[in-house]
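Engineer: Take the sequence shown: its position 79, counted from the start at 1, is 79 in this note's numbering, and no numbers get skipped.
Treat the hints with caution; some may be incorrect.
[Unchecked claim] Simulated crosslink set (DSS-like; lysine-lysine; CA at most 27 Å straight-line):
| # | residue 1 | residue 2 |
| --- | --- | --- |
| 1 | 61 | 196 |
| 2 | 13 | 110 |
| 3 | 43 | 60 |
| 4 | 196 | 43 |
| 5 | 55 | 196 |
[Said to hold, decoys possible] The following label-pair restraints were derived from C-beta to C-beta distances:
| # | residue 1 | residue 2 | range |
| --- | --- | --- | --- |
| 6 | 180 | 55 | 28 to 38 Å |
| 7 | 91 | 16 | 52 to 62 Å |
| 8 | 85 | 34 | 25 to 35 Å |
| 9 | 98 | 47 | 33 to 43 Å |
| 10 | 195 | 74 | 12 to 22 Å |
| 11 | 91 | 163 | 55 to 65 Å |
| 12 | 92 | 181 | 25 to 35 Å |
| 13 | 85 | 124 | 45 to 55 Å |
| 14 | 85 | 19 | 47 to 57 Å |
To be clear, the hints were calculated from the coordinates, so they are not data collected in a lab. No residue lacks a Cβ here, since even glycine has one placed at the ideal position from N, Cα and C.
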Amino acid sequence: MQFLTVGIELFHKGGPVMYLLLLCSIVVLAVAIERFIYFRNAKTDATVFVEQLVKDIENKKFNHILERYAQTSKPLELLAVEGITAYQQKQNVETALESTAQLVAAHLRKPLPFLSTIVTVAPLFGLLGTVIGMIQSFSVFNVENGQPMAITGGVGEALVATATGLTVAIVALFAHTYFTHRLDEFVTDMEQVCAKIIRYLPKQNAGRGQNNEVA
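Using the sequences provided together with the hints, build the complete structure.
Structural biologist: What follows is the structure, given as structure tokens:
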């Protein structure tokens, strides 16, 4: 309880800029929670998925693949559906996969620019709060006929904004780095799936005039 009281006191000492930093903190927390849940739900074991996909393609179970992943929103499964659909419709499979991969990657990284922006902006907000606080401190210094304690205490309070801004920026930087790493893992897995689909689907060309699927 005492910790909460001290935190509230420091918040008010930091000045109006603290409300902007509070907003930045909320955005960082919201993006981090949303991306963590999304990435966890979107994750697929790439090794197992690719093995099963290649096996189904070699057995010409194209409709089985489409039915299995019809309602999915996971990146790797979406690529499989788009690749097989393009193949069955005699479209360019590589182009279809590339377009889908770009859309999926864009969706994966969609909120991450907010984090990178806050990494840059939060320290500036903190510095702004400190400058404003120091201006006020010097004003008090003049009014109180040069009392040293007046300006010392004012500067100490003004530095609260800088410390808060740096803290928010550091947390945002860690979050951005972590989710960028997760994004890179997804992109690597998608590249692997696309390569396998492109590699194995053309082998079915000789049999396309016959059956499109073997039960």
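Engineer: All hints are to be evaluated individually against the structure, with a verdict given for each.
Structural biologist: Verification of the supplied hints:
1. 61 - 196: holds, 15 Å
2. 13 - 110: violated, 35 Å
3. 43 - 60: Within the cut-off at roughly 26 Å; holds.
4. 196 - 43: At roughly 18 Å apart (the allowed maximum being 27 Å), residue 43 and residue 196 satisfy the hint.
5. 55 - 196: holds, 11 Å
6. 180 - 55: 28 to 38 Å: holds, 33 Å
7. 91 - 16: 52 to 62 Å: At 57 Å between Cβs, range holds.
8. 85 - 34: 25 to 35 Å: holds, 29 Å
9. 98 - 47: 33 to 43 Å: Cβ of residue 98 to Cβ of residue 47: about 23 Å, so the range 33 to 43 Å is violated.
10. 195 - 74: 12 to 22 Å: About 18 Å separates the Cβ atoms of residue 195 and residue 74, which means 12 to 22 Å holds.
11. 91 - 163: 55 to 65 Å: Cβ of residue 91 to Cβ of residue 163: about 57 Å, so the range 55 to 65 Å holds.
12. 92 - 181: 25 to 35 Å: holds, 32 Å
13. 85 - 124: 45 to 55 Å: With Cβ atoms ~48 Å apart, the hint holds.
14. 85 - 19: 47 to 57 Å: Cβ of residue 85 to Cβ of residue 19: about 50 Å, so the range 47 to 57 Å holds.
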